[in-house]
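Here the protein sequences line up with chains Z and S, keeping their order.
Following the working numbering, the numbering of the first sequence begins with 88 at its first residue and continues without gaps.
Following the working numbering, the numbering of the second sequence begins with 49 at its first residue and continues without gaps.
If you're looking for bench data, these hints aren't it; they were derived computationally from the structure.
C-beta: ideal position from N, C-alpha, C; glycine also.
Distance condition first, Cα-Cα at most 30 Å in a straight line; then the derived DSSO-like pairs of lysine-lysine:
id, chain 1, residue 1, chain 2, residue 2
1, S, K417, Z, K288
2, Z, K116, S, K417
3, Z, K119, Z, K288
The following label-pair restraints were derived from C-beta to C-beta distances:
id, chain 1, residue 1, chain 2, residue 2, range
4, Z, G377, S, L503, 54 to 60 Å
5, S, V458, Z, L169, 34 to 40 Å
6, S, V458, Z, A899, 58 to 64 Å
7, Z, H625, S, S255, 55 to 61 Å
8, Z, H665, S, V458, 55 to 61 Å
9, Z, L880, S, T323, 32 to 38 Å
10, S, S154, Z, Y844, 42 to 48 Å
11, Z, T345, S, V458, 37 to 43 Å
12, S, P507, Z, L169, 24 to 30 Å
13, Z, H665, S, L461, 53 to 59 Å
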Amino acid sequence: MDDSLSRFLILIPAFPLAAAIIIAIAGPKLLKQWSHVPVIVALVASFICSLGLLSEVKKRSNYAEPEHRLLAHAGFEHVVTLWTWADVGEAYELDKPTYGDSEASIADRGHRDFRVDVTLRADALTAIMLSMVTFISSLVAIFGAGYMHGDRGYWRFFSYIGLFVFSMTMLVSVSNFILLFVFWEAVGVCSYLLIGFWYEKPEAAAAGKKAFLVNRVGDFGFALALFLIWTNYGTLNFHDTRADGETDQVLVAQAMETQLAGDAPGDNESLVVRGVVGRWRVAANDYATGGVALAICLLLLLGACGKSAQFPLHVWLPDAMEGPTPVSALIHAATMVTAGVYMVARCTPLFMASPEAQLTVACVGAFTALLAGLIAMTQYDLKRVLAYSTVSQLGYMFLALGTGTVVGISAGMFHLFTHAFFKALLFLGAGSVMHAMGNVIDMRRFGGLRKLMPTTHATFMIGCLALAGFPLLSGFFSKDSIVAAVHDRYHTMEHELDHRGAHADAHMTSEATGHDERGAGPRPTPSPLTSWDAARLHRFATIYHWLYLSAMFTAFLTAFYTFRAFYMTFYGKEVIPHEAGEHAHESPPMMAWPLIVLAVCAALVGISLDQTIIEGPNRFGEFLLNTPSLADGAALASFEFHINVAGTSGAIAIVAILLATYLYLGHRREIEWLRRLMDFEQFAKWFDVESVSRWKEVTWVKQLHSGAKSVGLGWLTGALGNVVLLLALITATPFLLGHFVSPYKLSLGKFFIDEIYQLLIVLPLRGFAVVCYAIDRWVVDGFVNLVGRLPPLFGGLMRSLQMGLVQFYALAMVLGVLVLLVARVMLAACR
Amino acid sequence: MATLLDNHLLSCMIAVPFIGILAMVVIRNEQVSRIIALLCAVLDLGLGLYLWSRFKPADEGMQLVERIPWMPTFNIEYAVGVDGISILLVLLTTLLTPLCVLCSWSSIKIHVKAFMILILLVEGAMIVVFTALDLFLFFMMWEVTMIPMYFMIILWGGPGRIAAGLKFVLYSLTGSLLLLVGILALHVESGLGTFDIQTLSEQTYSSDAQFWMFLAFLLAFGIKLPMFPFHTWLPDAHAEAPTAGSVILAGVLLKMGGYGFLRICLPIFPDAAVTFAPLMLSLSVVAILYGGFMALAQDDLKKLVAYSSISHMGFVTLGIFVFNRQGIQGAILQMFNHGIVTGAMFLAVGQLYERTHSRLISDYGGLHKTMPRFAGLFCIFAVASFGLPGTCSFIGEVLVLLGASETSYVMVLLAMGGIVLAASYMLWMLQRVVLGQPSTSTAEQIPDLTPRETLNLVPLAIVVFMIGVYPGPLMEMMDACVANLVELTNKALPIK
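Bound-form chain Z, shown alone (with noise of 0.2 Å):
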């Protein structure tokens, strides 16, 4: 523990963590209103330190020298082990490893012990997470100091917040999946208790309880993941290690080469325990293919779906806005669920060895952006707009993940890294409004805040630039390279296929993937598009084609709900809430300066990592290339901006954008139109059986029937009217049931998934409960009540031959003995 990255890496959680305990301790009644103090502290050491990490991985990443020839271009990550945690020796014996058959992996064979070593890691991917995690918390906790301001659970709130950036932290620098499942369910505690901050009402009670409960079920499947995975490869560490739990990377090193070149390891403990994540098993992709991989991919997603409220585990997002607004911003917006989006990236491997599960992921993330979008379009609550706008960006990160390249996951990171900046923003914007309308956020209720809010209104505009992807601002670049990435996938895809069509009988040999005109040279390792048939790549391309358009049409709906709500907000007539009361301006400099600070780094950042724009470096990219899991695809990887793409989707993002003022600037009425239109308002009123009826009362029908009538065709006229009232209803029926459930009311009821779950699933099961209940109470226990039963009912007979007739007992005897008798008599017969 003496090097620097070690203790940074002890520090980072440490900090909050103390923060939290000290909070907890003195918070009711030293510290009071003075709670807050300890956590900024806290958390602003904790993101020096984070800087600190971020700098000493990025010098050790780029060493020229490695320090072991076996370490060459493996990334570079450091581990460090605090204690162990649970040790069960030899607990499994891996006899049938169900991939590779290299030495190595010939190595893994034989009994494994159950170890978990509670081991924290440094590495790209770790110290980008820290270091935004704790950035954005530290502004948070600056801004809740002044939104919390006077509540009754001062302390409360800040020990939470302590407590859910040391889970945080630790979540996403542990070297272990068992750990990463612990604080997985530690930060969905944190969340479960800040989202019930209020408990006192009923709503944030159940939303509390919901978001737990719809992250079990994620849980469950994460866990069987885990299973499956201890299963198949004997070990749960993210890292390789020596079998004595060494995990210093040179004697690994060692240990590996030693083991490699054939000489039998001196004793059992200082064979390499290869990570299911860690540089040897990447470098020789022993990886499960077939069932088990896309087995444990999807398990691993329906977690990941969970905390990142992915469908169909999505419904609890909105519902936690229940919280206090800086912990919407902290928790549900920027750093927990992003949670299932950093999993997903640290088990790269995993999915790299199943490509299907690599589609299901980036159609359930496009799918889920595309609901979320359609669903915010029509929502009246401001946080929630932004809640279901959090679901549909992190849909996008999780489109690029799906797109199972290197260049995706880096911008599947990159999107997760600027949205934390401009998402955050806009909810401390929200939460600043909220602030100033006492707490009223219903946008019907409020309006024109400009001028009375100034602050708030400029730097929530830069934020909702960013959310639109505005060209040159940070969203801009990062979804404009997850379309990007998705875009190159199937064009790779269906270059493949002219490419064998073209060499039909040489397909073996082609060229690996990838453009001819980016010029890069000889591939290191040939593509495993290679090996797909035709009809593969064919289904493949035609999925991504259509998830490409998908992301392309969300990117509208996003820049357009954005700024519906932005206009909604601090446009058209000034109107305030009477609960606004006093309060009705804008927020005290401490919740202010984060959203300045926020506002600059969400237009900025995108800019200063990626210059690719420019022909300048992809900063963030090659940097998160250093983490191990990824570093076997860095070579493949060539980041390039595409002009066409980011055109077209900045465009996208701009006529979005011109539309949303044209409707919603100004004058309101083109959204009552829009809104009838939607809803098949003008066919329900022109269809409905009244108004059909009604049709006969039309000037011109009756002077045509009564014409009829008076040369004795009033008959004809009289059914041909019933036949068009038949007809008009029949084809009209579709329609008048369709403004149940119109595009408009669909969108507004959420898709009205939440029903759905609760009669399919809910009442259902507690229904079960009930019937189980009785089952126990009446069956199995009247069963046990039946055998109790019976010894009084024996008894009841026989008390009634106790009649007390001396000579009943007497006959009862002789006939007794008689029956002893014959019987021995019988018996010696038998003999």
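Since the structure of chain Z is provided, determine the placement of chain S on it from the hints.
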């Protein structure tokens, strides 16, 4: 003195409660009898910790063995000793007993002396059960534990106490009868003329004999545990017993079943254990899910905890009958953790009951506001109960599931469903009891925990987190001896 303690540590632990009982018999004062009971229990806890420090984890055999011939004609001995499996349960017993005494301090108002005597009697008997090396001694003390429980239920219990007590005692007697039959059969079948468990387990028996004897033991232990179809005595007994009774019952008495499987069934009847394993595993999974659904349907706090016990004990049998190291270690840990957590839950519910005399969830609400200290502790135990990582139950359940994943994924899948269920009934209960608004106006005047009551719960909360964060020492303690046990049963497993 010191040598006496060192040489006869276990006997001293056993003697302390009985000496306390003798002392109480001659004393009239209620307050003094409370103090004596507490002193004895705390002294035993101290001895337990000393025992822990004396225990050598690397040793796989019995330690601190004491043997005194008792009925030499029948080769019956007073023989006690501990190994890695039993020491945890002994520790659990000594940890929970002082808390039981404390929680009955003011809640037991009549026949205080008798109650305290019964608590100490159970403690002494339990320690003997967990350390006995002689089947006859084991059986005798097994029986002794039942009597105090019966009286606790019928004398100090709730409104339905008579029926519940009767059911408990009849069920237990059935089990004991089968246990006796099993022990006698084993005695005869072995032909060794001994009741010594270790000697008996070195003998091999024909698989037919194993089958029938295993069945007898299975029913005896299954009723005590309780396993799925034999569980109906438990909710009634738990619900009607006084707080201390519920704590002892759930915390320690149920563990005798699991302990019996590990101490007797697996080593002596390995073949039969393998034969019965599929049945046992299925029943375990059924118990996990069934208990969960039952708990979901409860409006009675104590019954909810009782049914959750059934679910948790399902994990114990699941872990035992997968016959691998993680599984069995997980099962033992699960027994220990269940004792801590469920014991704490019953203590907490008892404290609520003392204030409001209601066990119905629907009578509560918003306790967070009126009893913040209680609410905090209660939440800790509730989340520990559904195996939240960082609390003790997590490690046990994970190990059991890891073990089971080597046998059958279907089992794991279903058992995981039980964990999701556990979260739902516990959180739903918390939402209705602790969160929200106080249900009635009177509910707003419930006083928070007194220092004595806080002292009652805090040690358990500390243990919950300590084991959650650092279970290493406990696991190390049982490692060698579980390895030994697994080796024994693996010989009986069909070759893979």
